[in-house]
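*Asks:* Residue numbers (this note's numbering), protein chains in the order written: chain U, 1481 to 1767; chain W, 1481 to 1767.
Just so you know, these hints were derived from the structure itself, not from any lab. Please read these numbers as outputs of a predicted model, since none were measured by experiment. Backbone N, C-alpha and C define an ideal beta-carbon position, used for all residues, glycine too. Some hints could be false.
Quick list of the computed label-pair ranges, beta carbon to beta carbon [said to hold, decoys possible]:
#, chain 1, residue 1, chain 2, residue 2, range
1, W, 1758, U, 1740, 27 to 35 Å
2, U, 1650, W, 1581, 35 to 43 Å
3, W, 1697, U, 1741, 15 to 23 Å
4, W, 1581, U, 1627, 35 to 43 Å
5, U, 1687, W, 1529, 47 to 55 Å
Number of protein chains: 2
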Amino acid sequence: MSSSHSTANLQLETQSQSFGGTIAFYRHWSDCCQCQMKFSLYLPPQAQHQPVPVLYFLSGLTCTAENFTTKAGAQQFAAALGLAIVAPDTSPRGEQVPDDAGWDFGQGAGFYVDATEPPWQQHYRMYSYVTQELPHLVQTHFPLRGDRQGICGHSMGGHGALVCALRNPQQYRSVSAFAPIAAPMQSPWGQQAFRRYLGEDPTPWQAYDASELVQRSPFPGEILIDQGSEDSFLTDHLKPDLFVAACQRSRQALNFRMQPGYDHSYYFIATFIGDHLRHHAQVLTQS
Amino acid sequence: MSSSHSTANLQLETQSQSFGGTIAFYRHWSDCCQCQMKFSLYLPPQAQHQPVPVLYFLSGLTCTAENFTTKAGAQQFAAALGLAIVAPDTSPRGEQVPDDAGWDFGQGAGFYVDATEPPWQQHYRMYSYVTQELPHLVQTHFPLRGDRQGICGHSMGGHGALVCALRNPQQYRSVSAFAPIAAPMQSPWGQQAFRRYLGEDPTPWQAYDASELVQRSPFPGEILIDQGSEDSFLTDHLKPDLFVAACQRSRQALNFRMQPGYDHSYYFIATFIGDHLRHHAQVLTQS
């Protein structure tokens, strides 16, 4: 295991050509999460000649790096627009990593926070992993522009994308989300995660609640959100109305689209992923 | 079980909106295969107003109805072109259905033949299922044009698509394939399947070998085939060169595209599925 701690420890697992670019899965030791982590990377054809802007996609509960990569149909748009896409896993994993019997907490459900409570605080540091360790790693090894990063996500990953962007507007120049958990402090999923990862005191929860964050400090660019009207989690868990209200209070530029008939699935994501990639490219590929 | 034999036995399992249309998975009793069978159906938005042409997609070894449906990204093109897509499973399934320990024979590997050998002949009748029972079923229940059918497939399913079209040119007006097992009598996969499903005598094998069929009776329309140059099964199992030679002998109209750098995966399919759907729509949506 010792050799796997070196920063050169980036192992290619699989690689395929896709729309003239390359889709690959990598594994590496994460100092943040103290375990092996996997991610996928799509490099568009343009990356053969020059560094390209990069979009991070954060996935939802139960997902790995694979779901978005195989089901969203994003590569065609990334190829046309010249964007790289990095899709990390949703939590630390492994036998030595604490887990929970539920599907909405523990492995597959890292909620993009840095946990402070035992037994989670040693491995569950997805916020630092996503905003720092992973960008540093991929920018070191691949032709990606560190000054052109965007972030997007779905459900729990939509929450993660909004939080990462709102807390790091100098790092992420564009942000969008599909059906995000938009006010996690008001959501049973979010409350459980925050209580167990961060402790009973809700004060530190606010740093991971997009509605709290946007109200205090809006993002310097338009936020795009798509939400399916037939999403079964809409009312109890996602609560985009609270985020819209918070944006209104802080005059946040927002394009919130309630999409009639759509549910929470990747069929919904695939239908609108082209719009999201164009939203990011408009900002990230500007000179 | 008796009630499930009724022709009205078409059970919706899941349904999602996708690119303005509907993607759904159904289960039904199959008289052909003597078991429950599953398929997916994409209905484009146009089907809300009028019957639409329908494309059948046959999948490869180990696949179910899900792989193509979730990974190929076909729905966006089907929606734009007004095509329905039906994706059946690749074999009969269930505890009562004979199986084999190998991944390339038995359940998940029906090879689109009507087996004649025990113990396979009772359930493994995928040729009749795909060409007769399934089209009849879906045309009865959904707004699909029986006079506008096309067929496509991947690998084992590419073999199936070519065989179905070449043997039923009055039924299928268009055909295409991704990395088909193009000369199964010369392929270890095909030889094993034909020997065990059809018996040691190779005479009946010819009715399921696209290269044999096209040489005797070409298809009345151009056949589109995409093949990845880095496909690890190319030389041993797929052998498109034999199919191309057979087409040359019978003056079959053919567009065979060797795509440099692509492998056998769904990333390859996704890259070119738009071209294939346009190929079919050009024929199927003609007045």
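*Asks:* Are the hints correct? Go through all of them and say.
*Replies:* Evaluation of the provided hints:
no.	hint	result
1	W/1758 with U/1740: 27 to 35 Å	holds, 28 Å
2	U/1650 with W/1581: 35 to 43 Å	violated, 57 Å
3	W/1697 with U/1741: 15 to 23 Å	violated, 45 Å
4	W/1581 with U/1627: 35 to 43 Å	violated, 54 Å
5	U/1687 with W/1529: 47 to 55 Å	holds, 51 Å
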